[in-house]
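Enquirer: Chains as they are written, first to last, in numbering that gives the first Met the number 0: chain A, 0 to 311; chain B, 0 to 311.
Just so you know, the hints here were simulated from the structure itself, not pulled from any lab data.
One or more of the hints may lead you astray.
No copy is singled out in the list; a pair is fine if it fits within one copy or between any two copies.
Claimed, not checked - Within a straight-line C-alpha distance of at most 27 Å, the following computed BS3-like cross-link-like pairs (lysine-lysine) qualify:
#, residue 1, residue 2
1, Lys239, Lys225
2, Lys69, Lys222
3, Lys116, Lys225
4, Lys204, Lys69
5, Lys111, Lys6
6, Lys208, Lys116
7, Lys77, Lys225
8, Lys77, Lys274
9, Lys69, Lys274
10, Lys69, Lys201
11, Lys274, Lys73
12, Lys73, Lys50
13, Lys69, Lys50
14, Lys6, Lys222
15, Lys212, Lys274
Number of protein chains: 2
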Amino acid sequence: MSLPVEKTDIDLYPSRNGHPAVILSRTDPVVYNRNADQSPVDYELIQQYEKNGFLVLDNVFTADEINSFKLEMKRLRKFTGAINSNEMIVEPESGEVRSIFKVHETSFIFNKLSLDKRLAGLAEFILNDQVYIHQSRLNYKPGFRGKEFYWHSDFETWHVEDGMPCMRALSMSITLTDNDHYNGPLMLIPGSHDDFVVCSGKTPKDNFKESLKKQTYGVPSDKNLKSLVDQYGIFTATGKAGSVVIFDCNTMHGSNGNITPFPRSNIFLVYNAVKNRVVEPYSNQQARPEWIASRESINPITAVECQSVDYE
Amino acid sequence: MSLPVEKTDIDLYPSRNGHPAVILSRTDPVVYNRNADQSPVDYELIQQYEKNGFLVLDNVFTADEINSFKLEMKRLRKFTGAINSNEMIVEPESGEVRSIFKVHETSFIFNKLSLDKRLAGLAEFILNDQVYIHQSRLNYKPGFRGKEFYWHSDFETWHVEDGMPCMRALSMSITLTDNDHYNGPLMLIPGSHDDFVVCSGKTPKDNFKESLKKQTYGVPSDKNLKSLVDQYGIFTATGKAGSVVIFDCNTMHGSNGNITPFPRSNIFLVYNAVKNRVVEPYSNQQARPEWIASRESINPITAVECQSVDYE
């Protein structure tokens, strides 16, 4: 297996480095495996994913499984003392726990989930490689005073701040709560994954300490965002708990705040192709810590057939 | 015409005065005219309004009329120098103009709109009295970084801060933009107008200077809000420009922030029954200024039949 270990000479996706805030074309594929027969899901769904940059699969997990995940989330949010406080993000105003990182390593159940063939098998197919978890996190957007998360492409950050070379990674969001229009659901711009939106500004030192609460750098200009939305529109990922939203690393997404009493939570797993393992950041900053972006823990996953009973 | 000019001895709607944050029953009617024959709209709509505390009427204004209103809004937002800066509210972060008050007095077109029989005639029927404008404002929620507006009952503020004795007032929101699920549309709790949610805390001096940007006092407790939503649910007022949302002064409402590029704007007119003119505030504070709450300018409206041509 030949692994890139150094930055490429030419940066195809320059951002936050003085380059004008233009929109560039993607040069990487979206779906890396062209063999429909090998697809673990209906190949039309794969084509949808390729076109839109995301796919929503309903009822992937049973009510029992979701229940186990929720219990585990409750446990983790409660016993926060056991978790390195660096790995937790709290809401700026209320102090409530908003995200817990690295749950695929710190929780037995979420570790199993990261290996679950329903997820890992699909990631392997789309990326046509062995995969590992680049980042995992439990997101909890509180009711009443849940803050917005501004539009961004994850890849932009992972490239600039983590050194992810190419667009050969994807995220899976497993919803633990019903997502309605009014409680700040994930919004995605279909088709935006085919464009790379160069962001202006320089990345400040230790930017992640702020950006995980409120992203200020690595966000599109108003003009570029408007141009994407005018061209592609906005899709809102509403649906019942237990669905999975799979989205390409470069799909522009964000979410509004939430003043309703209904919290919104999900488990977020980022699968990266082993061939796309991170190198030095595409900036002059130090790489982000291991708990945000795997650099050492990149053992390829062996996908496992899981059932409800495995999560009890 | 006998007008109440003093506070009543017993405050039926105590709030922000040390009273526990409980939910009391409304003692006032919602629809004051029981004569269906006199209704200017289908009486079933009036019954809907009575039950839910609001009513959405689509296509009340033509595209030409909405266009005139938008041009007038643009003019007012641009020539802000002509407006007393007290009467304008800007977004805390961006400094963009968010609201302009008293437009029924400062704009010829919006003055005419406040007299338009389609609005004023309906207000007269529901309140069964002559009416006047208690407050008018142009709301502009910018795209990209539009802030949320937390849940509140307008009556709670108008009672405590302005001295409005009873629930005999209503608001009309004339939408100037399409309201979609994702650009922070008005959310209402159907049925909440039948309850009075007592708020805790004391009103700080000159509270309006902050509360018009971000409401901190006069908002329901999390527990009371949850109880209302559990009982009644949430209605989201989406729809095309040109619709009118009519809602009772005591209907609990709010709106999420808006990170989409689409601004959201409306004209907001509050009709109060002349018999319900304001007295001294139900607090120990000074009354809010005239531009937020009419105290002197309470001449009854004479409703006028208007057509597109009147707004040109």
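Enquirer: Is it within, between, both or neither when you check lysine 6 against lysine 222 at 27 Å Cα-Cα?
Expert: neither (30 Å within a copy, 53 Å between copies)
Enquirer: At most 27 Å between C-alpha atoms: does lysine 69 with lysine 50 qualify within a copy, between copies, both, or neither?
Expert: neither (32 Å within a copy, 37 Å between copies)
Enquirer: Under a CA distance limit of 27 Å, which applies to lysine 204 and lysine 69: within one copy, between copies, both, or neither?
Expert: This pair counts as neither: shortest intra-copy Cα distance 35 Å, inter-copy 45 Å.
Enquirer: Using 27 Å as the alpha-carbon threshold, which applies to lysine 69 and lysine 274: within, between, both, or neither?
Expert: neither (33 Å within a copy, 54 Å between copies)
Enquirer: One pair to classify: lysine 239 and lysine 225, alpha carbons no more than 27 Å apart. Within, between, both, or neither?
Expert: Intra 30 Å, inter 20 Å, cutoff 27 Å: inter-copy only.
Enquirer: Classify it for me, lysine 116 with lysine 225: is the Cα-Cα distance of at most 27 Å met within a copy, between copies, both or neither?
Expert: neither (38 Å within a copy, 38 Å between copies)
Enquirer: How do lysine 77 and lysine 225 come out at 27 Å by Cα distance, when the copy is not named: within, between, both, or neither?
Expert: between (40 Å within a copy, 22 Å between copies)
Enquirer: If the cut is 27 Å between Cα atoms, do lysine 111 and lysine 6 qualify within a copy, between copies, both or neither?
Expert: neither (33 Å within a copy, 66 Å between copies)
Enquirer: At most 27 Å between C-alpha atoms: does lysine 208 with lysine 116 qualify within a copy, between copies, both, or neither?
Expert: The answer is neither: 33 Å in one copy and 56 Å across copies each exceed 27 Å.
Enquirer: State whether the alpha carbon distance between lysine 69 and lysine 222 is at most 27 Å within one copy, between copies, both, or neither.
Expert: Result: close only across copies, 22 Å inter versus 39 Å intra.
Enquirer: With identical chains treated as interchangeable, where does the CA-CA distance between lysine 77 and lysine 274 reach 27 Å or less: within a copy, between copies, both, or neither?
Expert: neither (37 Å within a copy, 54 Å between copies)
Enquirer: Checking lysine 212 and lysine 274: alpha-carbon separation at most 27 Å within a copy, between copies, both or neither?
Expert: neither (30 Å within a copy, 50 Å between copies)
Comparing the model with each earlier hint shows violations of hints 3, 4, 5, 6, 8, 9, 10, 11, 12, 13, 14, 15; every other hint is respected.
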